[in-house]
Amino acid sequence: MNFDQTGMCGCGAVTFKVTGPLIMNAFCHCKVCSRAYAVSPVHLVAVPTDAITFTNDSEKNSEIRTDKIVFCHCKRCGVNVYQHPLSKPFTVVLPTNFRIEQGDVGQMLPEELKPTMHINYENRQWDHADDLPKFKTFPSAGVVMNNDGSVKET
Numbered sequence: 001m002n003f004d005q006t007g008m009c010g011c012g013a014v015t016f017k018v019t020g021p022l023i024m025n026a027f028c029h030c031k032v033c034s035r036a037y038a039v040s041p042v043h044l045v046a047v048p049t050d051a052i053t054f055t056n057d058s059e060k061n062s063e064i065r066t067d068k069i070v071f072c073h074c075k076r077c078g079v080n081v082y083q084h085p086l087s088k089p090f091t092v093v094l095p096t097n098f099r100i101e102q103g104d105v106g107q108m109l110p111e112e113l114k115p116t117m118h119i120n121y122e123n124r125q126w127d128h129a130d131d132l133p134k135f136k137t138f139p140s141a142g143v144v145m146n147n148d149g150s151v152k153e154t
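Counting from 1, one number per residue, gives the positions in the sequence shown under UniProt numbering.
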């Protein structure tokens, strides 16, 4: 699927556009995401790193780097705009930052933005009884889990 969305931080100081192929649309249960956003799972969309462009003054954003990941956030409100796991060939953005409002209230995701899987399910904080595939780590590793966290027999 080709992806074309605009988004912004919480205060609107940082605006961006995401254009390119969608790599992954998932609920992430990893500890980095859970701790960074204080919630688990985190709904994220993965795109090629060059698919994200800032549409305003990039001086309004700031990066925090560790040896494993880069977080980009707004200097004014602190909302994360994207994160880039350095060991992965993608960058993730959060659909909650996309401009998909329906008037003054409502932010229902269109079908194409709804998550299609769980990743890093081994780190879940509770079992999720939905029909989405649950990958122990990433889909490329091929290990799928049941809702209760046991490895699914293939």
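Hints in this document: simulated from the structure, not taken from any laboratory. Hints may be right or wrong, so weigh each one.
What the hints assert, rightly or not - Pairs of lysine-lysine residues, derived as BS3-like cross-links and limited to a Cα-Cα distance of at most 25 Å, are as follows:
hint, residue 1, residue 2
1, K31, K68
2, K17, K60
3, K152, K68
4, K114, K152
5, K152, K136
6, K31, K136
7, K75, K152
8, K17, K136
9, K75, K31
10, K152, K60
11, K75, K60
12, K17, K114
13, K152, K31
14, K88, K114
15, K60, K136
16, K114, K136
17, K136, K68
18, K88, K68
Claimed, not checked - For each label pair, taking beta carbons as the anchor points, the in silico distance ranges come out as:
hint, residue 1, residue 2, range
19, G106, P21, 23 to 31 Å
20, G106, E59, 27 to 35 Å
21, C77, T154, 39 to 47 Å
22, P21, S150, 16 to 24 Å
By construction, the Cβ of each residue, glycine as well, lies at the ideal position given by its N, Cα and C atoms.
For each hint, the structure was consulted:
no., hint, in the structure
1, K31 x K68, "holds (13 Å)"
2, K17 x K60, "holds (15 Å)"
3, K152 x K68, "violated (29 Å)"
4, K114 x K152, "holds (24 Å)"
5, K152 x K136, "holds (10 Å)"
6, K31 x K136, "holds (13 Å)"
7, K75 x K152, "violated (44 Å)"
8, K17 x K136, "violated (31 Å)"
9, K75 x K31, "holds (24 Å)"
10, K152 x K60, "violated (46 Å)"
11, K75 x K60, "holds (6 Å)"
12, K17 x K114, "holds (19 Å)"
13, K152 x K31, "holds (22 Å)"
14, K88 x K114, "holds (22 Å)"
15, K60 x K136, "violated (37 Å)"
16, K114 x K136, "holds (20 Å)"
17, K136 x K68, "holds (19 Å)"
18, K88 x K68, "holds (10 Å)"
19, G106 x P21: 23 to 31 Å, "holds (28 Å)"
20, G106 x E59: 27 to 35 Å, "holds (32 Å)"
21, C77 x T154: 39 to 47 Å, "holds (45 Å)"
22, P21 x S150: 16 to 24 Å, "violated (33 Å)"
In summary, the numbered hints that this structure violates are 3, 7, 8, 10, 15 and 22.
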